[in-house]
Structure formats: structure tokens, C-alpha cells
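Protein chains in written order, with my numbering: chain A, 1 to 154; chain B, 1 to 182.
Since the hints were made in silico from the structure, they are not lab data. Yeah, the Cβ is synthetic: ideal placement off N, Cα and C, and Gly gets one too. Careful, some of the hints might be misleading.
What the hints assert, rightly or not - Some chain A residues close to chain B (C-beta under 7 angstroms, calculated; not the full set):
no.	residue
1	6
2	14
3	16
4	17
5	25
6	26
7	33
8	42
9	43
10	136
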Amino acid sequence: MENENIKKELREIAPQLEKLSKENPFSVPENYFDAFPSEVQEKILKTRRKQTDRGFYGMPRLVFAGVTALMLLLAGYFFLLKDTSQDLNGFADEAFFDPQLEWYAEYQSDVYYDILFDDHEELEESMILSSPEDQIEIDYLIDYSLYFMDTPFD
Amino acid sequence: MVHYTDEQLLELLKESDNPDYGFNLLVRKHQEKLYWHIRRLVIDHEDSNDILQDVFVKVWKALDSFRGDSGLYTWLYRIATNEALSFLKKKKLRFFLPWQDVENVLMEKIETDSGFTGNEIQRKLQKAIIRLPEKQRVVFNLRYYDEMKYEEMSKVLDTSVGALKASYHHAVKKIEDYVKDA
Numbered sequence: 001m002e003n004e005n006i007k008k009e010l011r012e013i014a015p016q017l018e019k020l021s022k023e024n025p026f027s028v029p030e031n032y033f034d035a036f037p038s039e040v041q042e043k044i045l046k047t048r049r050k051q052t053d054r055g056f057y058g059m060p061r062l063v064f065a066g067v068t069a070l071m072l073l074l075a076g077y078f079f080l081l082k083d084t085s086q087d088l089n090g091f092a093d094e095a096f097f098d099p100q101l102e103w104y105a106e107y108q109s110d111v112y113y114d115i116l117f118d119d120h121e122e123l124e125e126s127m128i129l130s131s132p133e134d135q136i137e138i139d140y141l142i143d144y145s146l147y148f149m150d151t152p153f154d
Numbered sequence: 001m002v003h004y005t006d007e008q009l010l011e012l013l014k015e016s017d018n019p020d021y022g023f024n025l026l027v028r029k030h031q032e033k034l035y036w037h038i039r040r041l042v043i044d045h046e047d048s049n050d051i052l053q054d055v056f057v058k059v060w061k062a063l064d065s066f067r068g069d070s071g072l073y074t075w076l077y078r079i080a081t082n083e084a085l086s087f088l089k090k091k092k093l094r095f096f097l098p099w100q101d102v103e104n105v106l107m108e109k110i111e112t113d114s115g116f117t118g119n120e121i122q123r124k125l126q127k128a129i130i131r132l133p134e135k136q137r138v139v140f141n142l143r144y145y146d147e148m149k150y151e152e153m154s155k156v157l158d159t160s161v162g163a164l165k166a167s168y169h170h171a172v173k174k175i176e177d178y179v180k181d182a
């Protein structure tokens with residue numbers, strides 16, 4: 001029925017074309033259509049294998065490679081951004097941790113200037129409770145400051 | 001071989017313990033029509049073979065999501081048409097060819113292909129079809145060779161019946177003129 005409709009339609013639009021033979025002018029290799037379904041099945045099997053051929057953690061290999069590269073990039077990024085001042089502070093603490101130096105750091109700003117400008121007797125009294133080692137240091141500083149007090153400032 | 005309807009094939013694919021058997025039947029039933037549809041568009045046998053394989057792999061992958069609204073037959077034609085046209089577009093892009101040159105490549109194939117067994121008038125007819133704009137070419141082939149109803153074609157190409165009739169009319173006129181003049 002549809003075939004008749006098509007013929008009629010073609011006759012109305014282009015009568016010369018309707019007269020032409022509709023033979024298929026192309027050919028295929030022998031037994032092509034017999035073998036084709038097996039070729040398709042084989043291709044589908046390959047596709048299935050590819051789908052099941054997953055990499056680590058169930059991820060396809062390409063995705064796994066991508067995730068690994070991303071993680072390495074992020075690690076590198078955070079490593080470069082890391083605040084190095086903390087390390088330097090740690091280094092400073094370690095390098096300068098010395099009881100003698102600590103003592104100076106603690107006392108030099110107040111005791112030392114007290115020694116220079118305050119009443120020495122009062123200062124000596126306030127330091128009576130210090131340890132003998134401390135006392136030696138204090139005596140040294142007092143002598144040292146007395147020496148400078150004798151030397152006039154210019 | 002038992003002949004199944006498309007509905008029976010779909011049932012077989014969904015409910016059978018061996019879906020590969022059902023799919024094999026589907027391929028056997030539709031391979032020839034789809035092959036010739038693709039071959040008329042891309043001309044070369046090897047290209048047609050590759051495209052047809054890709055079509056069935058796509059069908060196999062998408063079968064679960066096929067809802068059956070349009071019918072298996074029109075769905076298969078839709079995939080085959082898209083694959084064949086994508087192939088031609090890729091060919092054009094790969095070699096930086098304008099459409100005119102893709103036409104020339106296909107025309108040359110008609111002249112030199114050992115798989116072309118038609119006479120001189122059929123050769124002219126094929127050349128005239130190749131010279132048509134892409135959409136008119138597809139419409140002409142589906143109507144003239146596959147004898148497809150406009151309503152089915154409308155589902156395959158997602159175009160209104162009126163537009164398809166107009167396209168076919170223009171295509172037939174152009175082909176007739178070319179064949180007369182050549």
C-alpha cells in the first residue's frame with residue numbers, strides 16, 4: 001500500500017525518475033550478513049571486558065590515574081604553601097635554649113637596667129633568694145655596671 | 001529461523017536467561033536494512049561496516065533505557081542515521097574539508113569502488129543523491145529506497161511530516177534535473 005503511495009507521489013513530482021529501476025547498485029562481500037552478527041557479538045564482548053577491566057579500588061584505570069595525579073598536585077600545592085615560620089621558631093627555640101641565655105633574656109631588660117640605675121643595696125636584697133649560681137651572675141653584672149657608671153657617657 | 005516481531009524480541013531480551021541469543025536475533029533481523037541505509041549515506045563498505053557495528057554496540061548498551069515509545073524499528077534507524085551523519089561530519093573535520101569536498105570524495109568512491117555494481121544511469125542517480133543537502137539526502141533515501149512512511153520518518157528524524165514532504169519534493173526535483181542534464 002505504502003509502496004503504491006510512493007510510486008504515485010513520485011510520478012506526480014518527477015515522472016522520469018519514476019521510470020528508473022530501483023535496483024540496489026551496491027554489493028557486499030560474500031556471506032557478509034551471515035558473519036556480521038558474530039562480529040557484533042565479539043565487539044560487545046570486548047566492550048564488556050573493557051567495562052569490567054577496572055583498576056585499583058574499583059576505579060577504571062584512567063580515572064585512577066587522574067585521581068592519583070590530582071592528589072600529587074594537591075600535595076605539592078600544600079607543601080609549597082606550608083608556613084615555614086613555625087619551623088624557624090622551632091629551630092630558634094632549640095638553638096637558643098640554654099639556661100644561661102634564658103637567664104639573660106629574662107633579666108637583662110629589667111635587672112640589668114635596675115642594676116644600672118637603681119639603688120644597688122635594694123637590688124641586692126631583692127636577689128638574696130636567688131641560687132648561688134645566679135648570685136655569681138648578679139655580682140658580675142653589678143661589678144660590670146659599676147665599672148660603666150664610673151666611665152662617663154659622652 | 002523463527003521470525004520474531006520487535007515486541008517479541010524486546011520481551012526475549014528482557015526476560016530471557018540468555019539475552020545474547022535475543023540480541024543476536026535482533027541483529028539478524030535488522031542488519032540488512034540498516035546496513036543499506038548507512039551504505040547509501042557513506043558509500044564505502046568498510047566505513048558502513050564499522051558504523052553498523054557501532055550502531056549495534058550502542059543499541060546493546062542502551063537497550064535497558066529503551067522505553068519503546070517510538071518502536072524498535074524507528075529507534076534503530078534513528079541511531080543508524082545519527083551515526084552515519086556523525087561519521088561524515090568527523091571526516092569533514094578531520095581533513096578540514098568543506099562539505100563540497102566531502103561530496104567529491106564520495107563521488108570519487110562511486111567511480112572507483114569495486115562494490116558499485118550498478119549501470120551508468122544508477123551511477124548518475126547516486127551522484128545526484130550525493131549532491132543533495134544532508135537532510136534532503138536522508139529523506140530521499142528513506143522514502144525512495146526504504147519506502148518509509150512520513151509518520152515513521154518523522155520519528156526517526158524528529159521533523160514534522162509537512163517539512164519532510166517538502167524536503168522530499170525538493171530532493172526529487174533536483175535529482176530529476178541532474179539526471180536529465182547529465
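Each hint tested on the structure:
no.: 1; hint: 6; result: 6 angstroms, holds
no.: 2; hint: 14; result: 4 angstroms, holds
no.: 3; hint: 16; result: 6 angstroms, holds
no.: 4; hint: 17; result: 5 angstroms, holds
no.: 5; hint: 25; result: 2 angstroms, holds
no.: 6; hint: 26; result: 6 angstroms, holds
no.: 7; hint: 33; result: 6 angstroms, holds
no.: 8; hint: 42; result: 9 angstroms, violated
no.: 9; hint: 43; result: 5 angstroms, holds
no.: 10; hint: 136; result: 90 angstroms, violated
Of the numbered hints stated above, those contradicted by the structure are hints 8, 10, listed in ascending order.
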